[in-house]
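2 protein chains.
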Amino acid sequence: MDSLEEKIEVLQKISQELEPSFKERESLNEQVRAFANHFLENIETYPAYVEEDAVIEKLTFNSGKKTLKELLTNFNSEVVLKGIKPASGKHLGYVPGGGIYTAALGDFLASVTNEYAGMYYASPGAVTMENELLNWMKKIFNFPKEAVGNLTSGGSIANLIALTAARDKYQIKNDKIQKSVIYLSPQAHHCIHKALRIIGLEDIKVRLLELDEFSKINTAKLAKIIQEDLKNGLNPFMVIASAGTTDTGAIDPLSTIGEITKNFNLWYHIDAAYGGFFILTESKKKLFKGIELADSLVIDPHKGLFLPYGIGAVLIKDKKAVFHSHHYTADYMQDANTVAAQINPADVSPELTKHYRGLRMWLPLQIHGIEP
Amino acid sequence: MDSLEEKIEVLQKISQELEPSFKERESLNEQVRAFANHFLENIETYPAYVEEDAVIEKLTFNSGKKTLKELLTNFNSEVVLKGIKPASGKHLGYVPGGGIYTAALGDFLASVTNEYAGMYYASPGAVTMENELLNWMKKIFNFPKEAVGNLTSGGSIANLIALTAARDKYQIKNDKIQKSVIYLSPQAHHCIHKALRIIGLEDIKVRLLELDEFSKINTAKLAKIIQEDLKNGLNPFMVIASAGTTDTGAIDPLSTIGEITKNFNLWYHIDAAYGGFFILTESKKKLFKGIELADSLVIDPHKGLFLPYGIGAVLIKDKKAVFHSHHYTADYMQDANTVAAQINPADVSPELTKHYRGLRMWLPLQIHGIEP
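Just so you know, the sequences run in chain order A and B.
For the first sequence, my numbering assigns the number 1 to the initial residue and increments by one for each residue that follows.
For the second sequence, my numbering assigns the number 373 to the initial residue and increments by one for each residue that follows.
Treat the hints as calculated values from the structure; they're not laboratory data.
Just so we're clear, the structure is a prediction, and the values are computed from it rather than from any experiment.
Even glycine gets a Cβ: it sits at the ideal position worked out from N, Cα and C.
Hints are supplied without guarantee of correctness; some may be wrong.
[Stated by the list, open to error] Straight-line C-alpha distance at most 20 Å; calculated DMTMM-like pairs for lysine to aspartate or glutamate:
| hint | chain 1 | residue 1 | chain 2 | residue 2 |
| --- | --- | --- | --- | --- |
| 1 | B | K438 | A | E132 |
| 2 | B | K379 | A | E371 |
| 3 | B | K438 | B | E402 |
[What the hints assert, rightly or not] Some chain B residues close to chain A (C-beta under 7 Å, calculated; not the full set):
| hint | residue |
| --- | --- |
| 4 | K437 |
| 5 | E450 |
| 6 | G470 |
| 7 | T725 |
Kindly produce the complete structure, drawing on both the sequences and the hints.
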């Protein structure tokens, strides 16, 4: 029998493969870079959509090893050349889909360094970077600096976090659920309805509001229906508006809805995933008047900032409401240390570990700047 | 006033910056590659942990533009050189944290091509790839091929998806919540408790079970307490076991707990985020006997497969239970088309858009193989 030392030596050699040498890395990198360059130089010629099933056999794997060359060939034929090409200029549906090269470099660096961006103590720099990005968004939407926020994987989780905070603030749970009422437009994104089911509000009353001729919420009717619900012993608790609906682009009357929610003491949620970043343009800025009245706001950098899929954002004014479900309360000591310095992303999200997605946003924003 | 054509021409020139030329890309790429190489060649010399706050001013940004060189300098001093270095060999706490170079190349490619991996029709290849990875995991854990699964951002969202399915299958909602009971070890990961709050089960009864001398659930007592709860008119509905707890590495008696859950008709959830992939080793395989009895199972490729943070997985046998909250049911027509071919990730997850995280797992698994 080999000694333990000898065994370790053998295993070390085998595991070495997972740490390629400089030369091996350069060779892998060169192939991937050539692939990316070929893709970017030819993207204009790709059709925006190819309706064709992927060949499963080319994407499955068994225990054996394959060369990168072979894998890239299959990736190209089955993944890249089929379905939608969101990075292509021909893709006119919805918002454009990515293509920011510096974001891809950010993702590469994030994976190489593998920072843990969930808790401040583990990576003060990564967490500070993500919080600074959130601070910037607070500034452009006129949210107070004390608001908390999170970089999510997209608009759906961002909406889920906001709705959870609203639910917790108003303690909508158990037998109170069926009497409680949420008001929103029939044009609200379906992820709102999905989030409600996920967070246990499947049986809440959802009032689909009447729209005006521009597909915006009719606010006169909104106040009336809330009053009626109150009279009937129901429990109105939240109005959800959209700043840019997916189907029509309509921005609901944000200021008026803000007044109504204040009058009736309701949570005011605005889903601006689709349209929010148009606030950065001179000509459309004024359409967002009143967005600062929201208790919670969702915006999607992977839409309005053209970043690759996988980065949304939520801003919420009431930190206590957010922490109720997301903060791990038994962890007193460790958190006491860090709360003063920076908010932990893990306390504002269902995620504990997560992709360090701040870098893919920070790098392009810094390199290209906000203004032209 | 300029004509519209002239205005567009001016804007086109400005926006060109977002699409760097081949030469510009190569220059950016070269700097990032040099940074990554320097990091990987020196990681052995970095301390495993540096307790030092990040300098906010170096990470914040205003509207101006900065050079990549300047940004990488700040990234290095504030992010890379502070906090935990999980990719370092000196980082002995918990499981090792990443450092698989081919995963980083996968993330780079995913961001450049920006495939939308949420729905089959948008990227049949990306979705097929993710489903094939899930099929592989079904195979190694002896789950049926009909089980559904999802590549999540980590163990927390994976657990949340599983618990949501359990809740929906047993219709634990409204006034039924406070009478219902979940059984788990005091060693269960805190993300389970967090997930319960998020999905609206804050007031459910949670029984922390007695452990034996090896920190495993005492199964004799488990059966007894379930019977007592039933006698007292309560509603036992789920047992949560761990296959590798974070603190002690204990694997609960999976087979025996499986029998008990079948006898009492309870949902059986196993959190194997921490220990699951040890099933791939000859010597530890037998410890996982019974894991195939679970109704839902969580495993974390960013732990046992050393992938970068941001990739977990969940497998669930009852597709209907999962779809209840996550599938967007009004979308009949489009889904009818695709259900036959492949499950849409968006129907098994709170996420709609998300990072195309399959590629960072597929590329390394294929290149390095499963067996040494």
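Results of checking the hints against the structure:
| no. | hint | in the structure |
| --- | --- | --- |
| 1 | B:K438 x A:E132 | holds, 16 Å |
| 2 | B:K379 x A:E371 | holds, 17 Å |
| 3 | B:K438 x B:E402 | holds, 17 Å |
| 4 | K437 | holds, 4 Å |
| 5 | E450 | holds, 4 Å |
| 6 | G470 | holds, 4 Å |
| 7 | T725 | holds, 4 Å |
Violated hints for the displayed structure: none, as all numbered hints are satisfied.
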